[in-house]
Amino acid sequence: MALTEERPPLELTAGDEPVRNPLGAFSRPSSSYGWRSWLTTVDHKKIGILYGATAMAFFALGGLEALLLRVQLAQPEGQVLSPEVYNQMFTMHGTTMVFLVIMPMLAAFSNYLIPLMIGARDVAFPRLNALSYWVFLFGGLFLYSSFFLGGAPDNGWFNYAPNSGVAFSPGHGIDFWTLGLQITGIASLLGAVNLITTCLNMRAPGMTLLRMPVFVWMALVAQFLLLFAIPVITVALFLLMFDRLFGANFFNVEAGADPLLWQHLFWIFGHPEVYILVLPAFGIVSDVIPTFARKPLFGYPFMVFSGIAIGFMGWGVWAHHMFASGIGPVSVAAFSLSTMFIAVPTGVKIFNWIGTLWKGKLIFTTAMLFAVALVSQFTIGGLSGVMHSVAPHDTQQTDTYFIVAHFHYVLFGGSMFGIFAGIYYWWPKIFGHKLSERIGKAHFWTMFVGFNLTFGPMHIVGLQGMPRRTATYPEGMGWDLMNLLETIGSFLIAISFLMWVYNVVASRKNPHAGADPWDGRTLEWSISSPPPAYNFDVEPTVEHLDEWWHRKYGEDEHGRPVRREHFTYLSGVDEASRRGGGDDPDVDVSDIHLPSPSYWPIVLALGLPLIAYGLIYTYWLAALGGLVIIAGSFGLGLEPSVDPDAGHGDHGDHGPDDEGHDQELAEVGAAAGGDDDEEAS
Amino acid sequence: MSVSEQTATAPAGAVPEGAAHVPHDATTPAHHTSTGLSHEKLAMWLFLGSECLLFGGLISTFLLYRTREVTAGPPVGDIYDIPFTSVSSFVLLMSSLTMVLALSAIQRADHRRARTWLLTTALLGSTFVAGQVYEFTTFVHEGLGYTTNLQGSAFYTLTGFHGVHVTLGILMLLSLFVMSLRGRLPAGKAETVEIVGLYWHFVDIVWIIIFTLVYLIPA
Amino acid sequence: MSEQTTAQVEHEEYEAQTEHGGHDHPGERTYVGIAVILAVLTAAEVATYYFEDQLGGLLVPSLIIMMIVKFFLVVAWFMHLRFDSNLFTRMFVSGLFLAIGVYVAALATFRFFT
Amino acid sequence: MASLVVLAGCASDAPQDMLEPEGPYARTLDNLFNPIFWVAVAVFVVVEGVIVYSIVKWRDRGDADGDAEEMPAQLHGNTRLEIGWTIVPALVLAVIAVLTVPVIFELNAEPAAGEALEVDVTGAQFWWGYDYPTQPDFGITEGIVTANELHIPAGQQVHLTLESVDVIHSFWAPKLNGKRDVVPGRTHHWLLEADEPGVYSGQCAEFCGLSHANMRLKVVAHDATGWEAWVEDMQQEPVAPVSGLAAEGFALFQQRGCSGCHVVEGAYNEVADDSPPSPNLTHLFSRDCFAGCIYDLNDRNELEAWLRDPQRKAGSKMVIGELTEADIDALYAYLETLE
Ligand code: HEA
Ligand code: HEA
Ligand code: CUA
Ligand SMILES: [Cu+2]
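Residue numbers (the numbering used here), protein chains in the order written: chain A, 1 to 681; chain B, 1 to 219; chain C, 1 to 114; chain D, 1 to 339.
Errors might be hidden in some of the hints.
To be verified - Each pair of labels, with its calculated beta carbon distance range:
hint	chain 1	residue 1	chain 2	residue 2	range
1	D	Val56	A	Leu481	25 to 35 Å
2	A	Leu481	D	Asp299	25 to 35 Å
3	D	Asn269	C	Thr114	48 to 58 Å
4	A	Val501	D	Arg300	48 to 58 Å
5	D	His189	A	Glu254	40 to 50 Å
6	D	Ala90	A	Val449	53 to 63 Å
Claimed, not checked - Straight-line Cα separation of at most 27 Å, BS3-like style, residue types lysine-lysine; simulated pairs:
hint	chain 1	residue 1	chain 2	residue 2
7	D	Lys57	A	Lys441
8	D	Lys218	D	Lys317
9	A	Lys441	A	Lys361
10	A	Lys441	A	Lys359
11	A	Lys359	D	Lys317
12	A	Lys361	D	Lys57
13	A	Lys441	A	Lys509
To be clear, the hints were calculated from the coordinates, so they are not data collected in a lab.
Just so it is clear, CB atoms sit at the ideal spot from N, CA and C, and this is done for glycine as well.
Please take these sequences and the hints and turn them into a complete structure.
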C-alpha cells in the first residue's frame, strides 16, 4: 500500500548474502511492545512521544536552574550561588530551554502530528527519524554530563567570543557546549530534511499544500528555517571548536581576529532560531482556536502567507542583536528597519486569531485558555520587540532585564503557552484519555499569574537599568521589590508545573476519550485514539481544508453547519468512544506494511558522544566513536527497512501474488548478479 | 561535519531508506509520492541547499580574514601555487564528467562501463585529495601552519572541509562500485548513483567557487 | 545475448521509475561537450592569473562571470536541474540565494566591499 | 502590563533609570522612546481590549436553551479587512521608522576636532581605565590616567574612544547615553554629556566573566571650577613619603609586588611585562570607589579587606601573596598619600 519504505526487492534473494544482520551483530528486533520497543521503534508516533517526554524532563531541569537564578536574585547581594555557579546556571538555563526543550518539543509535535494531519502512514524516512531522536537525546545528555566533569559551560547561551576562547574559559565547559550543540544540530538537520520531505511528498491524495492544516504549514516553515540555519551555527561551532582544541585563530584577537564574526554567525542562526521556536506554537494555536471557537480559522491563506513571510523576513534582521556592538550606523539603520517590519506579518496573525474568536462560540477548555493566552501575552512580547527594534533606544535596553522580559514573553508566553495548549489538546489523541480539565484550569491560572508576576516586573527593572547576567546587584538601585516579586512569581510557575505533572499522573485512569473528543477539524481526529500503528485503515482522499470537519458536517439551506448522519472514521473506532455517530471503515488492514524496528539508529547515535568525549579527553575514544558511526551507517544503510523475516510488521504472509513477484525479482537479481560475475572475471 | 554528512546523505554504500521502489508490484505505483519525486532525491537536494549555507559561512570567514593583516607567517596569498592548483581543480572538474558518464551507463544497464566510470571518478577524486595533501605539506614547509595566523586557520579549515566532503564522496563511490560488483546495483537503482552523483557534483561546484574566490581573485 | 535482455529489462525498469517515462536525458556527447566548455573556461580563468595587470579592473568581474557560468553548467547539465523537477531547483536555489544574501550582507557590515 | 511600565516611569531613586535622562544624548533617546512607547500602549490596549471583549461576549455559556450544538456563523475570512490590518500596522511602523533613522545617524556623528573632551576608555576584567590625552583646551597639559571614575565637565560634549584589553565589555552610563560595546581588536567611539554636575552610576553591560556584575563605573560631572580643580590635582605628581608608616608602605609597595602591576607616576612607572592590565594608582585617593566601583574608598575597612583578599571580588586579576596586618596598615598609609 502507500508505504514508501518498501522492501527492497533485490535484497531478498541476492545469493547468499546475509541480508538480515548485515554485520551479524544483532538479530533484528521485532517486538512492538514493552520497554525495548521504545529503543528500537521507528514509528513516528512513538518517536514523537519520546521527544515530548525528554523535552519535558529537560524543562524541569531548565526550570530548576531558573529557580536557582531567581533565588539568588530575590534580594540584593544574594549569597546563594557563587558567581561560578550562577554563570553556569543562566548559561545552561538558556541553552536548555532553547535547544533541549522548545526545539525538541516542537519536534515532538511535528513528528506526531504531521503524518496524521496530512494523511500519511509515517514520515518519509522512519529510521532516520529514530536516529534524529537518539542523536538529540545523547547530545543533551552529553551537554549535561559537563556538570559532573568539571563544570558546565558558563558563557551565556550565545557564548560570545573571545570570552569563549581557551584563554578566558580554560575549563572544558565550553567544549561541552560546542560539541553538544553540534550533536543536537545534527539531529535537527536530519529532522528538517525528513519532515520537509514528508510534508512535500507524503500528503494523501487531494491534500494540496493549501489544504494542509496551519500547524503543518508552520512546522514546515520552521523546518526550512532549521534546514538553513543549522549549518550556520555549525560553522560557528566548528570555528570555535578548532580554536579551542587545535589552536586555530578565528577568534584570537592577538592574531587579528574580529570577535564580531562570532556574533554575526551566531545571530544569522539565532534570529531564525527564535522563529523556529515560535512558529510551530503559532501553528498549534491556529488549530486549537478554531476548534474551540467552533468556526474555521479566519483568513487561512493570510495565516499561511504571513507565516511564510515571517520565515523569510526572519533572515534579514539578525544584527538587531548587535545594535550596540559597533557595526556602524548604516548597518544599524538597515537592520532596524527590517526588524520593525517583521511586526507586520506577525500582526496579521494576531488579528486573524482575534478574527477567529470574533462571533465564535468560545469553549474555554484548558487548551483554549492556553491558546488565547498565547495571543494576548505574545503580543506584549512582540511590542517590546518593536521597542528594541528602535535601534538608538535599544542601546539603552540591550543587555538589561527589559530584553529578558521581552524574550520570556515571546518564548514562554508564545512558545510554552502554545506547547501547553497543544499538550492539553492532543493528549486524548495520543494517550486515549483527556487530562483533567479541573486540574488543567488550576494549572493554567497559576501559570498565567506566575508568568506575569515573574516576567512583568522585569520590564520595570530593565528600564531602571538592571543589566542581565549579573550574579548580584547592590542595594539602593531601586530594583529590590521587583526582583522579589519576580522570584515569587517563578515559584508560582514551578507550582503550576507540578500541577501539570500531577495532572499527568492523576489522569491516567480517566475514561477513554474517544476518537474525536473536541469535535476536531483535522484528520488526526478521524482515527482511533491512540491511533493504530499504521494510522489510517484507508488512505484518505482529501477534498477540503479541514477535511474531517467537512466529512462530519454538511450545510443546511442557510449555510449553517449540520452534522451528517453518515460519515466514516478512517480507522476502527470502538463503539463506546464515538461521538455523535460515524461508521467504521470496512477494510482489511492486514495488508499494511510498516517499516520494522531497528537497533541501528541508537547504535549509530551512540557514536557521536563517543567522538565528542574523545575530542575532549583522548583521541582513541574519538576513533572508537568513528568506528561505531561507520558500522552504524553501514548497518542502517544495508538493513532493509522492512524486515523480510518479520512478516511485514503486521501479517505473517503475503498473498500468492507477492510470492510470484518475489520469484520474478529473484530471477532478475540472479541474472544481473550472474552477469556481473562473468564480467568481473 | 563529517558525521552529519554520513548520516544525512546515508548512501555510503547503502541502500538509502526506501530507495527501492517496487516497480513490478501491481499494488504500488512506481512513484507514490505527492510530487511524483522520490524521497531520496528530494532529501538530497534539500541537504545540498543546506550545505550552501555551510560552505558560504566558511568561505565568508576566509574572505573576511584574507583582507586582514597577518601577525605571523606569510599571508596565504603569497604562497599559492596557482598552476598546481589549476591542475587539481581541472582533475576535480573532469571527475564530474566521469560521474555523469557513470550514471548514464548505469541507466542503460551497461554495468561494465558504469563500474569503469565510477572507479575513474573515485580515482580522480583521490588525485584531487592527494593534491590537496601535497599542497598542505608544501604550505606548511613555507611557514604557514594551521595555527600560524588567521589566514592559515581559515584556509585550512575551508579547504579541509571541502577535502573531507570529497573523501566522503569517494567512499560512497567505492561503495557503489562494490555494490555493482556484487550485482546489487541494477539499473533499477540508478537513482542511488544519481543521488551520489548530485553530492559529487555539488562538491565540485563548491570547488569552482573556492578556486575563483580563494585562489584566483587577489586579496 | 542474455546480457542484452537483462540490460533491456533493467533499463525499462529504470524508465518505468522516472516520472516522465523516458524523458530526454542529454546524451553522453552533450556531457562531453559541456566538459569541454568547462575545461576551456578553466583555462581562461587560469590565464587571467598571468595577465592580472593587463586586465586591471576587469579581472574580478571576468573571473566572477566565468565562475558563475561554470557553476551554472554543472548544475544545469550534470546535476540535471534543467531537466528535472522545478521543485529541486527551488529547494537548491533558495539555499544558494539565501547563503549569498546573508553572507554578502554580513561581509558588508565589516565594510568588506568598500 | 502597560500600567506597570508607566509605573516604572514614575518610580524614583533608581540611579540607573534610563527613563530619567540627565544629558542631551540620553534625552534624545528618551524622546524617541516616548512616542514609540505610547504607540505600543495603544496597540496593546486595542489588541487586549478586543480579546477581552471577545472572551466576555462570545464565551460559550452552555446556553440555557440547551442546544449545545448550535454553531456560530462560519466565517472564513474577509480579505479587505485582512489587507487593512496588514497596511495599518505597516503605516504605523513607517512612522516609527521615520522617527528612528535620523537619530541613529545623529548619535553616531563624530564631533569636530577640539569640540569635545577626548577620553580613551579601556575595558579590562573587571575595571575601567581612563586616559585623558593632552588637551590644552580643557586644561589638560599633561595626560591624565585614572580608573573606574570618569570625571567630566558638565555641559560639555565628551568623546570616548573605547578599547578592550581582553574580552568584550560594554560601557554604559544610562542617564547620559546608551551602551557601546568595547570590543578587543576594535576601536569604538561614543558620546557622553551631562547637563548638570553630579555623579552618574553605570556599569559594564556585556557579560565578561566571573565579575561581570562587579564591573561598575561612575561618571562624575563637575562644574567649571570643580573641573579645573580636578585637572589641576591630577596633574600633580604625588610626593613619595619619606618617613613614618607611609614610607614603610612605600617600600612595601615594591617589595610586595604591587609595583609590578600598578603604576604610581613619579615613583613606580614601569610594570612587569606579564602583569595584567591594572589600575593606575597615582591618584587613587582622589576617587570615591575602587575595584570596578563596587567598594567604597572612603571606608577604610573596604580597602583593607581588599588587600587582605582581592579575590573577594570573584575572578579578580589582582593576585598577591598574603599580607600581614602590619603590611596592610603600612600599605594603607602609603596609598592614602596618593591623592
Ligand atoms: C520566540 C522567540 C522570539 C520572537 C517571536 C521574537 C520576536 C521579535 N523580536 Fe525578539 N528576541 C528573542 C526571541 C524572540 N523575539 C530572544 C530569545 C532574544 C534575546 C536573545 C538574547 O539576547 O539572549 C530577542 C531579542 C530581540 C532583540 C535584541 C535586543 C537586544 O539584545 O538588544 C530585538 C531587537 O530588535 C528583538 C526584536 C524582536 C521583534 C521586532 C520581534 C517581532 O517578531 C515581534 C512582532 C510582534 C508584534 C509586534 C506583536 C503583534 C503585532 C501587532 C499586534 C501588530 C501591530 C503592531 C505594531 C504596529 C507595532 N528581539
Ligand atoms: C523557552 C525558553 C525559556 C523559558 C521557558 C524560561 C523560563 C524561565 N526563565 Fe529564562 N531564559 C531563557 C529562556 C527561557 N527561560 C533564555 C534563552 C535566557 C538567556 C540566558 C542567557 O543569558 O544566556 C534566560 C534567562 C533567564 C534569566 C536571566 C538570567 C540573567 O540574565 O542573569 C532569568 C532570571 O530571572 C530567567 C528566569 C526564568 C524563569 C523564572 C523561568 C520559569 O518560567 C521557569 C519555571 C520553572 C519551572 C517550570 C521548573 C519547575 C520544576 C520543578 C519545580 C522541579 C520539578 C521536578 C520534577 C517534576 C522532577 N531566565
Ligand atoms: Cu565587563 Cu561585563
Ligand atoms: Cu532576533
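Status of each hint after checking the structure:
1. D:Val56 x A:Leu481: 25 to 35 Å: holds (32 Å)
2. A:Leu481 x D:Asp299: 25 to 35 Å: holds (26 Å)
3. D:Asn269 x C:Thr114: 48 to 58 Å: This hint is violated: roughly 42 Å between Cβ atoms.
4. A:Val501 x D:Arg300: 48 to 58 Å: With a Cβ separation near 54 Å, Val501 (chain A) and Arg300 (chain D) satisfy 48 to 58 Å, so the hint holds.
5. D:His189 x A:Glu254: 40 to 50 Å: violated (23 Å)
6. D:Ala90 x A:Val449: 53 to 63 Å: violated (35 Å)
7. D:Lys57 x A:Lys441: holds (20 Å)
8. D:Lys218 x D:Lys317: With Cα atoms ~21 Å apart, Lys218 (chain D) and Lys317 (chain D) stay inside 27 Å; holds.
9. A:Lys441 x A:Lys361: Holds - the C-alpha atoms of Lys361 (chain A) and Lys441 (chain A) are around 19 Å apart, at most 27 Å.
10. A:Lys441 x A:Lys359: Judged against 27 Å, a Cα distance of about 23 Å means the pair holds.
11. A:Lys359 x D:Lys317: violated (65 Å)
12. A:Lys361 x D:Lys57: Given that 27 Å is the threshold and the Cα spacing comes to 9 Å, the pair holds.
13. A:Lys441 x A:Lys509: holds (19 Å)
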